[in-house]
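Peer 1: Sequence:
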Amino acid sequence: MIIRLLQLQDAEHMAHYYQTNSAHFKPWAPSHPHGFHTAEAWAARIQDYITQQKQKSFAYFVAYQADCPKILAHCTLSQIYYGPLQACYMGYGVAACAQGTGTMRRTCKEAIRYAFDELNLNRIMANYMPHNNRSAKLLQRLGFQKEGLAKNYLKIDGRWEHHVLTSLVRT
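Residues in the sequence shown are numbered consecutively from 1, following full-length UniProt numbering.
Note that these hints are calculated values from the structure, not bench results.
It is possible that some hints are incorrect.
[Said to hold, decoys possible] No more than 27 angstroms apart at the CA atoms, straight line, and that leaves these computed lysine-lysine pairs for BS3-like: (1) K54 - K109; (2) K70 - K26; (3) K151 - K54; (4) K56 - K70.
Predicted model, so just to flag it, every value in this text is computed and none were measured.
Taking the hints into account, I'd like the entire structure generated from these sequences.
Peer 2: Now the structure itself:
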């Protein structure tokens with residue numbers, strides 16, 4: 001398995017990943033306008049992401065098999081804060097066909113390593129909906145600790161959803 005930062009040549013693969021998994025992601029992700037997941041839209045976003053990655057203010061990891069460029073999972077580090085906070089938020093998703101294979105865990109582990117070792121952050125925050133058992137188990141296995149519940153935290157699939165707040169602190 002190859003896990004690396006997103007590159008411009010990934011635009012078509014990202015469009016395919018999100019289009020193929022749209023029903024799978026729908027209950028867990030914010031809604032996007034029509035055309036958001038075209039190859040052209042992804043190419044424009046990736047250009048912006050690359051700029052942010054160079055500035056160390058954002059990171060977007062993708063995972064795929066070495067013999068097939070089809071994206072199987074992604075993990076982002078966003079809202080990266082330096083100074084006294086030294087923290088970020090982690091978001092993630094896995095293709096329906098890759099659930100239960102360890103792909104998501106390996107992808108998140110690489111993003112965590114990058115956050116702590118390359119960005120020198122102290123804290124990673126990740127949040128999930130209370131009924132998302134897979135996310136709860138994933139974050140627990142990765143060492144994240146529950147910190148509380150944020151009511152009506154994010155609008156997901158047209159509804160405001162509560163989220164369990166978790167964090168992983170560098171040891």
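Peer 1: Which earlier hints can't be squared with this structure?
Peer 2: 3
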